[in-house]
Each structure stands twice: as C-alpha cells, then as structure tokens.
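From first to last, the protein sequence lines are chains A and B. Quick note: the first sequence, position 531, residue 530 per numbering that gives the first Met the number 0, numbers continuous. Quick note: the second sequence, position 204, residue 203 per numbering that gives the first Met the number 0, numbers continuous.
Please keep in mind that the hints were generated in silico from the structure rather than gathered at the bench. Be aware that one or more of the hints could be misleading.
[Unchecked claim] Dumping the calculated BS3-like pairs for lysine-lysine here, alpha-carbon to alpha-carbon at most 30 Å:
1) A:LYS413 / B:LYS180
2) B:LYS194 / B:LYS168
3) B:LYS541 / A:LYS619
4) B:LYS200 / B:LYS239
5) A:LYS619 / B:LYS180
6) A:LYS534 / A:LYS439
7) B:LYS202 / B:LYS180
8) B:LYS195 / A:LYS179
9) B:LYS45 / A:LYS31
10) A:LYS168 / B:LYS619
11) B:LYS619 / B:LYS413
12) B:LYS45 / A:LYS32
13) B:LYS195 / A:LYS619
14) A:LYS413 / B:LYS200
15) B:LYS45 / A:LYS59
16) B:LYS194 / A:LYS619
17) B:LYS168 / A:LYS619
18) B:LYS619 / A:LYS194
19) A:LYS619 / B:LYS284
20) B:LYS32 / A:LYS31
21) A:LYS249 / B:LYS239
22) B:LYS413 / A:LYS249
23) B:LYS168 / A:LYS413
24) A:LYS249 / B:LYS249
25) A:LYS32 / B:LYS168
26) A:LYS45 / B:LYS239
27) B:LYS59 / A:LYS45
28) A:LYS284 / B:LYS619
29) B:LYS194 / B:LYS284
30) A:LYS195 / A:LYS511
31) B:LYS31 / A:LYS180
32) A:LYS202 / B:LYS413
Listed here are the chains, written in short residue letters.
2 protein chains.
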Amino acid sequence: MNAMRLQVISPFPTDIDIANSVQPHHISVIAKKLNLNPNHYDLYGKYKAKVLLPVIDELKERKDGFYVVVGGITPTPLGEGKSTTTVGLCQALGAVLDKKVVTTLRQPSQGPTFGIKGGAAGGGYSQVIPMDEFNLHLTGDIHAITAANNLLASAIDTRMFHESTQSDKALFSRLCAPDKKGNRIFSDIMYRRLKKLGINKTKPEDLTAEEVMRFARLDIDPETITWRRVMDVNDRFLRKITVGQGPDEKGMVRETGFDISVASEIMAVLALTNSLSDMRERLGKMVIGNSRAGDPVTADDLGVGGALTVLMKDAINPTLMQTLEGTPVLIHAGPFANIAHGSSSIVADKIALKLVGPDGFVVTEAGFGCDIGIEKFMNIKCRYSGLRPQCAIIVATIRALKMHGGGPPVTAGKPLDPAYITENVALVEAGCTNLARHIKNTKAYGVNVVVAVNRFSTDTDAEIAAVRTAALAAGAYDAVLCTHHAHGGKGAACESATKPLKFLYPLDASIKDKIEAIARSYGASGVEYSEQAEKQIEMYTKQGFSGLPICMAKTQYSFSDNASAKGAPSGFVLPIRDVRASIGAGFIYPLVGTMSTMPGLPTRPCFYDIDLDTTTGTVKGLS
Amino acid sequence: MNAMRLQVISPFPTDIDIANSVQPHHISVIAKKLNLNPNHYDLYGKYKAKVLLPVIDELKERKDGFYVVVGGITPTPLGEGKSTTTVGLCQALGAVLDKKVVTTLRQPSQGPTFGIKGGAAGGGYSQVIPMDEFNLHLTGDIHAITAANNLLASAIDTRMFHESTQSDKALFSRLCAPDKKGNRIFSDIMYRRLKKLGINKTKPEDLTAEEVMRFARLDIDPETITWRRVMDVNDRFLRKITVGQGPDEKGMVRETGFDISVASEIMAVLALTNSLSDMRERLGKMVIGNSRAGDPVTADDLGVGGALTVLMKDAINPTLMQTLEGTPVLIHAGPFANIAHGSSSIVADKIALKLVGPDGFVVTEAGFGCDIGIEKFMNIKCRYSGLRPQCAIIVATIRALKMHGGGPPVTAGKPLDPAYITENVALVEAGCTNLARHIKNTKAYGVNVVVAVNRFSTDTDAEIAAVRTAALAAGAYDAVLCTHHAHGGKGAACESATKPLKFLYPLDASIKDKIEAIARSYGASGVEYSEQAEKQIEMYTKQGFSGLPICMAKTQYSFSDNASAKGAPSGFVLPIRDVRASIGAGFIYPLVGTMSTMPGLPTRPCFYDIDLDTTTGTVKGLS
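In isolation and in its complexed conformation, chain A is listed as follows (with noise of 0.2 Å):
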C-alpha cells in the first residue's frame, strides 16, 4: 500500500494539532486500494463516502479475510484507549507491515461532543480523519435514525388520539379511504396486520364489524408504551417530560421522555440486520408497547415499519473513510452500550472482510469491558451474521490494572493519584485478576487472546512485564506493547488463528438460564430478579418471545452490578431490576440497576472553545 507516513514530532501536540497536520486522500484514492470503483460507492464531500451493500453480492465467492475484535479490561472513568489501540493497530498492519487491512468502527454520537471533551475517533498519532467531519453529522446516519425514531413516536401518539375519538367505524372509514375511483382498498402494509389477526380477506367491505374493530383499534395501553423520542443532544431536562399539553390535543397528556438518539432501537437494528429485505423486516416488527389485551403493537400495525425503511434506506450503507495513515475505516452505527450491544454493524465488517479477502484483516471494536462488550460481540452480533472472529485483542492499561489491585479511585477530572505515575509492580500484579478474568471468558469463544498493554509514558518495563507473564499464565497467546498513541502504527500488532466459535448459551434455553449463564461468567453465584422482572419475563415468553439472545444492561466498571467492585469479584448475587426488549433489533435487555439514556451537559460544556475560522473554514477547539 502506498500509506503516508507519519512525522512524530516532540513535545506531544494535541489530537487537533496532529488531526490538522495531515492532508486527507480524495476518499477516492482510499476506496481503488480496496479495488471499488465509482458504481461501488457515493461520495459524500471530498473524504467520506458511502460503501453500497450491495458490494456483498458482487464478492460473494471471495474469501473472507482474518476477523479481529478489540475489547478491553474493566476500565477506569477515563478510559483505557481502546479505539486508539484499535486504529494503531491498523496504522501498523496496513501502514507499516503492509497488509490489506480495514477498521470497523461506530459512528461517535454528536450530542456528547458538544459536553465533555474526549471524542471517539482514537487520539493522538492514531486517529481517524478529517475528524470534525467523523465527529459531526458524517454522511447522516444519526439522523435518520432520529427521523425515523421520532416519526413512529409521532404515530404512536397521533393514532391513540385519533382513536379515542372516533367510532371503529368512522376508523375503519378513514384508515381505508376511497381511492380517486371511488374504491376502498387495503394499502400493502395493511395485510401485515391483517396476516397478524388471521383476517384472510382482502376487500375492506368483505370484513364483518367485529373484524373491523380488530384491525382498526390498536388500543394501545399507555402504561406500557416503551417507545420514547430521542435527539442527538445531551439534553437532561428531556429525560422525562409531559406531552400533549396543547388546547388541541383535548387533554390526552403523557408522562414520556427522549434518549439520545444513538439509545434508539432503531440504531441497534443499523447494526444487527445482515441487507435492506432484513432490516425491513425488524423494523416493522419493533414492538412499541401492548394493546390493552396484552399483544404487542408493532410498528407495521401502525403502518409505518415502510416509511422507517426509507428513511433509512442509506443509513444501511457504512462510510469509508481513513486513519492518519492511509489506512481505509468503515464507520457504522453506534448502539449505545448501556442498553444495547455497543458494536459497529454487521454490514459494514461484511463488506470490509470480502474487500481486505483472504490473508487481509478486519479490526473492530466491541464497547465497554470485554464482559460485555466481547460477550455480546460474540453472542449477539456474531449469531446474527454467522461470522466467526479467528482472534480477540484485549487492551489493557498499567494505570486501570493498579486500579483493579487495589489503587486509589480514578475519577474523571481529577489529578490522579501519585500511585498511578510511580512505579508498584504488586498493585499491578494484583490488578491482573481483572485482566485474567477477562482472557478466562473470551478463550471460552474458541479464539486466540492477545493482550494489548496501551503503554503511557509514567510505565515501567518491570510492570509492563508482570502484565506479560499474568497474561500468558491467564492462556493469552500473546501479550504485546503498545505505544501506536506516541508512534503511530509501528508499535501494534497481531497474530491470527482459526478455531470453531463456541456460544455461552443456546437461544432456546428459557430467558433466566441464558441470563444466569451470562452472570457466572460475571463471577455471580446466582441471579435475584425484582418483581417487576419476572412479570416482563413472564410476558415475553407469553408473547413468544424467549428464543432472543440477551443483552445484559450493566455497569462496565466492575464484573459485578456494583461499580466499585473492581479486580475480578465473586460470589455475589446479581440483581435485575427490570427486563426490556428491543424486539425489531432482536434482543431481551435485562436491567442490572438505572442507566442513563440522555447525558447532561456541564456547567461549562465544550461548547466554549468551538468555533469556525471563518475565513479558512476549517474548525477550532474540538476534541
């Protein structure tokens, strides 16, 4: 590959400085390294453009290339770098040892990057650029998903609405008004509800009243709507609000709220559908809340599960674009982890593994501590897409490993304790039952571990050392350094094996045994559920739901529920609080305590320091 090369320069610039220092390729130049021609793809701007899926079909008999996940150890509240470990890697494969190589990565949410400083596109030597662009809008996806999202809560709202106010009659009237000739017809999407009824006819005037009022009346019981509006703001008074306060609304308020826009199922749905047919599919059969009877009401039986689809219909097509060294990325979706799976889509890691083909690599990202992270990589998304990772790199740091052994706490915002800058290779040693446990769970996939020390500069060799041996003690395959942050890609590396993917639980074992299954690993002795849990247990089976893999809402501080359990904790009884579901994207989500779907902004956000060179047009202050 003819990758640029990047300058290191000391004393260390900032991300923007380095971000700004280099001069993107026409994404074009990007896309004829992967042999895609023009047809394959739709430029967005001069450094961004959409990979078109249908790419998949055209390399269907190429071989896949290597698969290669990047989780991490349980992280401090200042994060342990695995993104930038994730795109050093790359740099390295593909810059440095020459190899076909692509990143899969999530697309960063918009809201948070107006709040706290410390963006998602890696950092330092290793990052994706031009970054202003892969931090704000990127080439719309986000906000499709707020559209979409927001247009079936608009439908949600408007339907019992106009139901509470009219005759099942007068409904049914409406619902299939005369065409210009004068005929009463059912649009297509109407015989899916139809279908789902048992209704097998196929004239509205064919149906008898009963029938009428079956097909016509949802009868949505607010109490159980779980669909909320979602914005890509960090806006804390949306958290929960009342609407329908208008004189025309005649009264029909509701207590409700708005997630940030990356929480919305539809967003996990981008991510797990394998083609456009598939997320079809999912996204009408979301399920919004049940009628009063108990059924679930899906977002066909609103007659919008179409019209979501062609909002979306681009949004299923990831965005190529480059590291600071050349090297292709694939941004795509961004399923916020707290109640989600936290990994970049399906399509996109397709893509990427026909275009590298055999002997290339696909590095991607599962969020959070590998106990979720890799947990729903592997039991999630790889059922979903039947592919199967040769290997899963761990990122671990000295200072989160002292943490785990005992250190003091690392808060966010504070100095950190002279322990994490001196040398203390026992608080280290001690750490790496945290790390220990991690590589434990992830060999049990069937894959090869190799830990990745994402070195800083306060770190000893003799600690970094204490990480190797713990690490191959623990059964890692390898245990490498990492100091792509300071050297761009030359310090990462990786090795690669094949062996089958073994599952933590069948999917048709009952809801609580796949959940108990997920908390022994945790390290749990057994699993207490609130009352409220075992009612939604009880009514997803009910619904014939049970068969979906689970997707564990947990803190991604400690193995536990309790976040301040850190190393590897045991024996603890893991509570679940509640039990969601994101039917359409194809998950049950049991709650292991309150998370927060819609952050807040500080009292001085970052906001501050961003602002446009007018003249240049280029942006200033962003992180």
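Based on these hints, arrange chain B on the given structure of chain A.
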C-alpha cells in the same frame, strides 16, 4: 444545452411514475454545463452536489444574470401550482429556448412528506428529480438546523439549572476552569460577553465580585424564553410540553414546546445570510429571551454561537439538483412562511446569478401569495442581499379567481363544486380584483409583472382571455398561459426589464409605521394592537431592535386577517395579536392571528403507502 426532451404520455401518469421514468444525469454533468469544476462542489451521491460558497468570490467580476421571482395570487387551500410553474418556466427557458437558467427553490420539510400527500417538488412533467432524494434528508441541512437549534435549547435549560444550584464564585470558577498549566483563561467567545458588559479585562482574576456576577450569571427569566426545541416530524403532541420532570432536574420544570424544524430561527438565518462570517455573527446574536433585568440574552452569551456555526458550516452550501428536463436547480433553506419570510436563500441566488451570467436567468419562488411572499422577498430578502429582480411572475388559476369572484368554498379533500369545472367568465372577471391588487402592489417595487395562468383542462379559452384582459388593464407587462404541468417546459415564458427597486418602507421608520405601511398594501384602513403587542413593540424598541424589517405572520388565504374574506377586501382594521422577533435572522414578526408552527398527522397518514422495494432499492408511494 444538451437537454433531455420529455416524452409526454396520455392518459396522465402519476408524479412518481413520471419522476421514475427519467434516468437523471450524474450531477457532475449538470455542474459541468454550469462551468463548475469538481473543486467547486462536493458530491452527495450521484444526483446531488453542494456548490461551495467560494464560487461567488471566484466569479465576482462576472455580471449577474436576470433575476426573476415567482409569486402567486391569494391561493385556494389546494395551492395554485407556484412550484410547478417555477420549474416548468425554467424547463422552458433551459431545455426549449436554450437559455442559461438556474431555478432556486426551498428545501421541503421532511415531516409533512409522511402526513398528507403533496410534495414540494413541483408536479407532473415539471419536477425536481430524484424526487425521493429531494423530499428526504437531501444533503442534511435541515438535520443540521435541528441539531443546532436543540443544542442551543439544551444550553438554555442547563445553564438555568447550573445557575440555580451554584454561587457566583463557583459558577465563575467552572466557566473559567484552569487549563492544563493551571491558568484560568477566558475562551474567545467569552470576550463577546465581556465586551457587551463593558468589561475591558483579559484575566479572570482581575474581575471584581460584581463583574464576576454580571459575567457568570445570565439570570434568564424563564417567562421570557422564546427559544423552543424543533423536530422535522409532524408531531402535534410536542406542541406544548413540560420538561425537567426527571428526579435529577430537582423540580426545575418548565412549560415549552417543539416547532417543526423549518420554523427554527436558524433556518431563517441560513436563508438570509450572505457569508460564513455573517452567519457566525447572526447565529451568535440570536436572542433566546431576556434576563430578569430585561436585557436580551443571546446564543453568544451562552457560549454556543461558535458551536452552532460549526454545526451549520456545510449547510451554508446550496444543493445542486436537476429538473426532469435536465436543467439545474439549486435547493437551499426553507424558512417557514407562517412566521418567517418563506423564500430560498440569498447565497443560492447569488451563486446562481453568477453561474448563469449576463443574459442567463435565475428563477426563484416566494412562498404564499404575493401580499406576503413578494412583499417579504422585496423588503427583507432583497434588502439583505442587495439584489434586484427585473421581473416578477404572478401565478394565477381560473379556480382561485373564481373563488375570489364569489364561488363556493374550496376545501382540501372534498370534491370541487361544479362552478369550478364549468365555464363562468363573469365569476373569473369578478375574481380578478384579487389579481389586480397583487399586480399593483408588485409593480410598486419597480419590477415588470408577468401573469402566468396555470391552466387546468377544464379552463376555457374565454376564461383565460378574461384573465389576460384584466391583467393588462391592471398594469401587467404580459399575461401568458402555462401548460407546463401537462407538457413539460414548452408552455411557459418570461420577459424582463430593469428598473430601480423601491421598498415599501424605510428601515429607520418606527416598528408601527412599518407595520402600517404593510397593512395599507393589504387594503387595511388601520392597525389595532393588543396590549401584548404594544408591550413587545416598546421592549424591542428599547432594546435597540426597531431598525429591523418587518415579517408579517398572516394567513395566506386573504389580503386581510380573515381567511374567508376573498377578492380584494378593504377598509378593515388589521389586528396585531403579538409581536416577536428573530434578531439573528434579522426581522420583527407581528402575529396577525394564531400561526401553527407544528403540523399534525391525519388519521391515515400517507406513510401507509410508503415503502422500499428492497430488491431494487426504489421508493414506493411517495408523492
């Protein structure tokens, strides 16, 4: 020009069938015809490109083309085909008469696309294609506006929250938090507030306690907040809501609401700005409400004007598309005519005028009837752009003229009364009072007026002749027949001439004098102000905003405030219910009656018909 020629088919096919029957050119082909090279634009897929603002500077020595504005008579609720006429006229000029021509149009709001049928892309053989890309997402400008608008909204509530829980000192300490070297500094944007407060200091530690308080405490009076959140979805349940009901927001609840995104002041800013730096200033000086002391609080006071500009930096570039006959169209902005000025952007018109060059034509549309659309186009848009149209086209239909002549009410969704489909010359002649007043008002700006009759198949030659006679008698330069809807560009035509532009009022007149000048043009004998309106006029005058132009928020269905007063009513007193302001966009808007800023969905929204053919990827059911 190497234009496509349309095959006209009988019987008349649907809009989407016509749109899908033509294979659009790659947009680079359209760009090349305008002498644009690939550095002048960014591609967004194959059929859309953003033309970059620096093109204006590059061509600044070139003479502008002719500038034509299309308005209409007072319409029926069915609309009189202004967009169709605009597109058809350009197809005639470009594809038939071989003139250089660019059409500049507003971007349609996505929300209504899923509500009631009837897009904004023109219709029949006069359309912008691809129709689905035109109506959905386009190049993300409205999404950018939504994001920017809501970031500002979140900043308001969050700031009030943080001010309520922190001392002056704590607040100041956080706003000027120490940097990595431990120094406290003001960020650039903070100097804007310091300057406004008359504090001429550069070091945070030099501020007195009183200055600290004035700087750090915006002390926003929640009762005065005019900034609302927005969403590009028809969601009536968001018209009036209560926010802040989450437990973490500590009881700081507040009543507010959502408007549809195109109603955001940021959309009006986009439409009225002349450059990046001008947009930066306008966004920063948008007023969101007052302090308790009665001073206006701006986006820059909140520290967010720069971030808003960054979110809008790509949106400032208009989007190039094409008509069915391959003539170029620049799509940009879509200010909500109900409360803003309802014309597409100044920058699109400026780029277009340079691109067509001398002897070329730029044809743009002004929303609503001429009483509102042309009036605002001249007194607001042309005032800010410095551009002068040579010609105004007034679109009329026999149907609307009959309504003005005393015909029975015309209601959307109900069959037309026979009066509208059988010859009745007397009714047409009587209705020409409406047309005549629009001609007189428009001629008063010093432009030539051409009346274009959008002919329907039931209109007779005698009816058309009556309109021509009345139009010429009222001072029109010409009156022509348009059959563009049925026969592409062939039917429309335009003449031009140059006279100096005369505004309806000088900017230095008082707010009331300006309102009254506009009211007289409607035929009003006087103006009546509510107590609230008087109070607001006094406040805006005191705050120094009385020099802005006026943007009347009035029904488009009558010259008067009473939508059922057809023809050319006179002698009425125009009531001003309230007066508001878009300070960043740069106008004061008096409210004549209640204006809806958030549409709803009907019982059977047209999303029932919309779906994706997942095999071909084509959109079905959009209109």
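Quick rundown of the hints versus the structure:
Proposed proximity of LYS413 of chain A and LYS180 of chain B is supported: the alpha carbons are some 14 Å apart, at most 30 Å. Note on LYS194 of chain B and LYS168 of chain B: the hinted pairing holds, with a Cα-Cα distance of about 20 Å set against a maximum of 30 Å. A distance of roughly 36 Å separates the Cα atoms of LYS541 of chain B and LYS619 of chain A; the hinted pair therefore is violated under the 30 Å criterion. For the proposed pair LYS200 of chain B and LYS239 of chain B, the alpha carbon gap of about 43 Å is over 30 Å, so the pair is violated.
For the proposed pair LYS619 of chain A and LYS180 of chain B, the alpha carbon gap of about 20 Å is at most 30 Å, so the pair holds. In summary, the hint linking LYS534 of chain A to LYS439 of chain A is not supported, as the alpha carbons are separated by about 34 Å, beyond the 30 Å threshold. Taking the CA atoms of LYS202 of chain B and LYS180 of chain B, the gap is about 15 Å. The hint holds against a cut of 30 Å. In summary, the hint linking LYS195 of chain B to LYS179 of chain A is not supported, as the alpha carbons are separated by about 61 Å, beyond the 30 Å threshold.
Restraint check: the Cα-Cα separation between LYS45 of chain B and LYS31 of chain A comes to about 18 Å, which is no more than 30 Å; the hinted pair holds. Proximity of LYS168 of chain A to LYS619 of chain B is assessed by CA-CA distance (about 28 Å); at most 30 Å being required, the pair is judged to hold. Using a Cα cut-off of 30 Å, the hinted pair LYS619 of chain B and LYS413 of chain B holds, with the two alpha carbons roughly 25 Å apart. Only pairs whose Cα atoms come within 30 Å are accepted, and LYS45 of chain B paired with LYS32 of chain A is accepted, the gap being roughly 21 Å.
Proposed proximity of LYS195 of chain B and LYS619 of chain A is supported: the alpha carbons are some 23 Å apart, at most 30 Å. Restraint check: the Cα-Cα separation between LYS413 of chain A and LYS200 of chain B comes to about 29 Å, which is no more than 30 Å; the hinted pair holds. Simply put, LYS45 of chain B and LYS59 of chain A have alpha-carbon atoms about 25 Å apart, close enough for the 30 Å limit, and the pair holds. Distance check on the hinted pair: LYS194 of chain B and LYS619 of chain A sit about 21 Å apart at the alpha-carbon level, within 30 Å; holds.
In summary, the hint linking LYS168 of chain B to LYS619 of chain A is supported, as the alpha carbons are separated by about 28 Å, within the 30 Å threshold. Of the pairs offered as hints, the one joining LYS619 of chain B and LYS194 of chain A holds, with about 21 Å between alpha carbons and a cut-off of 30 Å not exceeded. Our distance criterion of 30 Å between C-alpha atoms is met by LYS619 of chain A and LYS284 of chain B, whose separation comes to about 20 Å. A hinted pair counts as satisfied when its Cα atoms are at most 30 Å apart, and LYS32 of chain B with LYS31 of chain A qualifies at roughly 27 Å.
At most 30 Å may separate the alpha-carbon atoms for a hinted pair to count; LYS249 of chain A and LYS239 of chain B meet this at roughly 12 Å. For a cut-off of 30 Å, the pair hint linking LYS413 of chain B to LYS249 of chain A stands: about 26 Å separates their Cα positions. The suggested pairing of LYS168 of chain B with LYS413 of chain A holds, with an alpha-carbon distance near 19 Å, which does not exceed 30 Å. Proposed proximity of LYS249 of chain A and LYS249 of chain B is supported: the alpha carbons are some 29 Å apart, at most 30 Å.
Restraint check: the Cα-Cα separation between LYS32 of chain A and LYS168 of chain B comes to about 56 Å, which exceeds 30 Å; the hinted pair is violated. Among the hinted pairs, LYS45 of chain A with LYS239 of chain B is inconsistent with the structure: their alpha-carbon atoms are about 42 Å apart, more than 30 Å. Taken as a hint, the LYS59 of chain B and LYS45 of chain A pair is honoured in the structure, with Cα atoms around 25 Å apart against an allowance of 30 Å. For the hint pairing LYS284 of chain A with LYS619 of chain B, the CA-to-CA distance comes to about 20 Å; that is within 30 Å, so the pair holds.
The straight-line distance between the Cα atoms of LYS194 of chain B and LYS284 of chain B is roughly 13 Å, inside the 30 Å bound, and the hint therefore holds. For the proposed pair LYS195 of chain A and LYS511 of chain A, the alpha carbon gap of about 28 Å is at most 30 Å, so the pair holds. For the given pair, LYS31 of chain B sits about 45 Å from LYS180 of chain A by alpha-carbon distance, which is inconsistent with the 30 Å threshold. A C-alpha spacing of about 24 Å is found between LYS202 of chain A and LYS413 of chain B, which places the hinted pair at or below 30 Å, so the restraint holds.
Going down the numbered hints, you'll see the structure goes against 3, 4, 6, 8, 25, 26 and 31, while the others check out.
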